[in-house]
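Line order of the protein sequences matches chains A and B. For the first sequence, the working numbering assigns the number 1 to the initial residue and increments by one for each residue that follows. For the second sequence, the working numbering assigns the number 1 to the initial residue and increments by one for each residue that follows.
If you are wondering where the hints come from, they were derived from the structure by calculation, not from laboratory data. Please read these numbers as outputs of a predicted model, since none were measured by experiment. Even for Gly, the Cβ is constructed at its ideal location relative to N, Cα and C. Don't take every hint at face value.
Which residues of chain A face chain B? A partial, calculated answer using Cβ under 10 Å [claimed, not checked]:
hint	residue
1	Ala43
2	Val226
3	Leu306
4	Ala326
5	Ala329
6	Leu340
7	Ala343
8	Asp393
9	Gly394
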Amino acid sequence: MSVPSRYRSSNPHLGAYYGIVTATLVSLVIVLAMFEQLGWSQAGLGQTMMLVPLALYLFIAVGARTGQTEDFFASGRRVPPVYNGFMLAAIAVGGVGFLAYTGTAFFLGFDAMAIGLGLTFGMLAAAILFVPYLRKAGSYTLPSFFGHRFRSRLLRAAASIAQLPPLTLLLAAEIKIAALLASLFLPLSFAAAVIVMSALIAAIAILGGMRSITWAGSAEFLVGAVGLAAVVTVVSILLTNLPAPQLTYGELFADLQQAETEAGARPLSPDATAAALPGVQPRPAVKPFLQPFGAQGPVAFVTLFLSLALGTAALPTLLARSGVTATVAEQRRAAAWGVLFVAAFAMTVPAMAAFAKFAIFREIAEAKASALPAWLTALSDMQLARASDGNGDGAIGAAEFLIGRDGIALALPSAAGLPYVLTALMATAALAIALAASASHLFSLAASLAEDLYRTFDRRQALPRIVAAWAAIAATALAAAVFLVIADVDPLKASLMGLAFAASSFFPVLLLAIWWPRCTKWGAMAAMATGFAVIAGDAILGGALGIFGAQLSAPLASLIGVVLALIAGIAASYVQAAPSRAEADYRLAMRNPDGESIYDRAQARAAAAAASSAAARAEQNEATEAIR
Amino acid sequence: MAVERPVSEDPARVRHQIQTLILAVGILSIVLFAVVAAVAALSWFNRFGFLHFPLGFYLLAQGLLVLIVVMAFWFIRIQERIDQARAESEEWIGQ
Chain A
1 MSVPSRYRSS
11 NPHLGAYYGI
21 VTATLVSLVI
31 VLAMFEQLGW
41 SQAGLGQTMM
51 LVPLALYLFI
61 AVGARTGQTE
71 DFFASGRRVP
81 PVYNGFMLAA
91 IAVGGVGFLA
101 YTGTAFFLGF
111 DAMAIGLGLT
121 FGMLAAAILF
131 VPYLRKAGSY
141 TLPSFFGHRF
151 RSRLLRAAAS
161 IAQLPPLTLL
171 LAAEIKIAAL
181 LASLFLPLSF
191 AAAVIVMSAL
201 IAAIAILGGM
211 RSITWAGSAE
221 FLVGAVGLAA
231 VVTVVSILLT
241 NLPAPQLTYG
251 ELFADLQQAE
261 TEAGARPLSP
271 DATAAALPGV
281 QPRPAVKPFL
291 QPFGAQGPVA
301 FVTLFLSLAL
311 GTAALPTLLA
321 RSGVTATVAE
331 QRRAAAWGVL
341 FVAAFAMTVP
351 AMAAFAKFAI
361 FREIAEAKAS
371 ALPAWLTALS
381 DMQLARASDG
391 NGDGAIGAAE
401 FLIGRDGIAL
411 ALPSAAGLPY
421 VLTALMATAA
431 LAIALAASAS
441 HLFSLAASLA
451 EDLYRTFDRR
461 QALPRIVAAW
471 AAIAATALAA
481 AVFLVIADVD
491 PLKASLMGLA
501 FAASSFFPVL
511 LLAIWWPRCT
521 KWGAMAAMAT
531 GFAVIAGDAI
541 LGGALGIFGA
551 QLSAPLASLI
561 GVVLALIAGI
571 AASYVQAAPS
581 RAEADYRLAM
591 RNPDGESIYD
601 RAQARAAAAA
611 ASSAAARAEQ
621 NEATEAIR
Chain B
1 MAVERPVSED
11 PARVRHQIQT
21 LILAVGILSI
31 VLFAVVAAVA
41 ALSWFNRFGF
51 LHFPLGFYLL
61 AQGLLVLIVV
71 MAFWFIRIQE
81 RIDQARAESE
91 EWIGQ
């Protein structure tokens with residue numbers, strides 16, 4: 001008798017496997033550091049540092065390939081909590097968080113803390129409000145959960161359409177970061193890098209779906225975490241003599257403030273959130289690091305925090321991973337590990353930004369305009385920074401030094417005087433996290449297209465489930481690559497808009513569906529449609545078309561959308577008759593933490609009914625034969 | 001395959017849901033209140049120092065993140081106790 005995979009335990013050798021992955025990375029860094037001392041070219045070092053881990057991820061994905069439905073869509077429901085926590089953190093942070101949040105912290109200093117705080121609180125909110133109940137429901141996608149919860153194909157299809165904008169924006173942002181890094185360190189143009197990175201994540205997703213994404217993504221998380229920790233710890237030792245960057249960068253504040261003052265940085269007055277966030281183009285870092293609310297006021301700070309928190313809590317990609325652990329309790333633990341890893345990252349970012357600002361401003365203050373430091377020349381070659389003596393005083397001031405937001409993390413090792421191999425390691429770490437996040441967004445988007453739209457509307461279901469998912473993954477990756485080659489996407493703004501869409505469209509409906517017994521199908525539909533309409537209206541009318549001139553910032557629009565969606569959902573539910581018995585039973589079963597997932601139980605019942613029906617037919621045939 | 005009891009409202013389940021709701025609202029409210037308080041009283045907090053950081057900056061950059069992590073693991077501990085109480089109650093009723 002075959003044993004359902006959900007009863008199988010996880011591989012006991014996982015720790016050894018991922019120990020080997022980590023050891024491989026450490027060995028690679030040590031070997032390349034020796035080669036650098038022996039005179040190897042920077043191009044060779046950078047390419048080797050990028051390509052070896054990429055080959056490793058692909059190797060793991062091939063090893064995790066599968067053709068079984070439960071493995072493909074839910075990783076066999078046997079991912080240990082820590083490993084699921086790795087993936088949850090990688091998705092929440094992403095390459096955008098790695099590079100763009102660090103850059104934003106460099107430019108805005110204190111005011112950027114809303115981002116890290118919002119991501120971490122969002123993970124906590126998801127862990128408490130949604131994750132355990134979605135694990136009990138066991139649906140493979142967020143729209144299918146809505147479909148099962150309210151017994152509605154229409155709601156399922158509407159949810160699938162509503163998750164297109166957020167996931168497309170987040171996918172585009174992550175692939176853009178991955179392609180940017182690949183084009184800087186590999187002999188590829190940006191367009192070629194977009195195509196290669198899209199093909200790579202599509203290959204990982206096609207090989208084994210959620211399963212290969214989980215196991216390749218765990219390796220990517222480890223490479224990202226170890227790479228980041230190694231570089232920042234070495235910088236911390238150099239600048240503060242202590243290997244604890246999160247605790248020691250405060251010691252530099254007095255020197256940093258002095259360097260900022262000497263370079264001409266002056267306190268700023270607050271601006272609207274959208275304008276305050278730095279863009280992709282190089283710009284001067286003129287706001288003092290410690291000045292509170294210089295770029296955005298306290299209200300805008302809290303608005304950004306709440307929007308990111310609600311968007312992270314309701315992000316379909318994160319919630320789709322609720323079904324991959326063995327039990328509800330394990331899923332809660334996975335979410336808590338995710339909170340821990342995201343918080344650790346969010347604590348490290350201000351340290352990176354402060355170290356980078358101190359190292360850069362110190363070097364700039366000492367350098368003459370006619371003899372710029374080598375690292376600045378290298379960054380200028382990569383078009384990540386520019387410095388010019390605009391006022392002709394022979395020195396470079398804060399306003400005369402322009403640096404790209406997404407290049408700050410890469411500039412840190414070289415500005416601190418570290419070997420080039422650590423710059424390549426930082427790039428490899430960022431690329432790893434971007435790949436883990438982008439593959440997850442791609443899979444969530446494609447799985448929903450295949451499961452929630454194709455299977456809902458094609459009653460003949462000509463394509464088997466996994467084949468439909470393969471087609472959707474390939475088509476989505478191709479569409480994302482074409483979009484990125486054509487459009488000029490700012491990863492941070494795309495990501496914030498994606499999270500604003502997720503907050504406005506899904507947070508209210510999830511809250512009502514899980515926590516409010518009176519919520520009806522049309523209440524859920526009204527909540528989702530209202531939230532989606534508000535944020536889409538802001539994005540289209542104020543953003544793309546510019547009708548209202550001054551666009552509401554996406555975070556504020558998302559919070560307005562959340563409030564209006566809750567009101568619409570409650571009002572529409574009260575207008576309707578009370579939920580059906582089946583809906584009420586589903587909700588109660590979802591709130592029971594024990595036992596199998598509702599989806600698996602239904603599948604088992606359907607399989608038992610089919611087997612019983614087949615047995616009855618066989619018995620009838622035998623009887624007919626006997627009569628003859 | 002384990003067969004679940006028919007879904008119905010009973011005191012143990014109602015108690016479980018109320019305790020779960022109180023825990024969820026309590027934890028999220030504590031963290032939200034802490035964030036808003038730290039932002040609102042930032043200038044006052046910044047008059048004090050902690051580990052070479054201005055305290056207000058430290059709270060928003062690290063202190064509140066530590067609070068969130070502690071709350072996440074504390075939530076698991078309490079929620080598992082609540083779930084255990086419900087399971088034991090249902091076993092007792094089932095006998």
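Status of each hint after checking the structure:
1. Ala43: With a minimum Cβ separation of about 37 Å from chain B (threshold 10 Å), the hint on Ala43 of chain A is violated.
2. Val226: violated (20 Å)
3. Leu306: Nearest chain B Cβ about 9 Å off; hint holds.
4. Ala326: This interface hint is violated because 14 Å lies over the 10 Å limit.
5. Ala329: Check passed: Cβ of Ala329 of chain A comes within 6 Å of chain B, closer than 10 Å.
6. Leu340: At 5 Å from the nearest chain B Cβ, Leu340 of chain A passes the 10 Å test, so the hint holds.
7. Ala343: The hint holds - Ala343 of chain A has a Cβ within 10 Å of chain B, the shortest such distance being about 4 Å.
8. Asp393: violated (32 Å)
9. Gly394: This hint is violated: Gly394 of chain A lies away from chain B, its Cβ roughly 34 Å from the closest one there, beyond 10 Å.
The structure fails hints 1, 2, 4, 8 and 9 (numbered hints given earlier, in ascending order).
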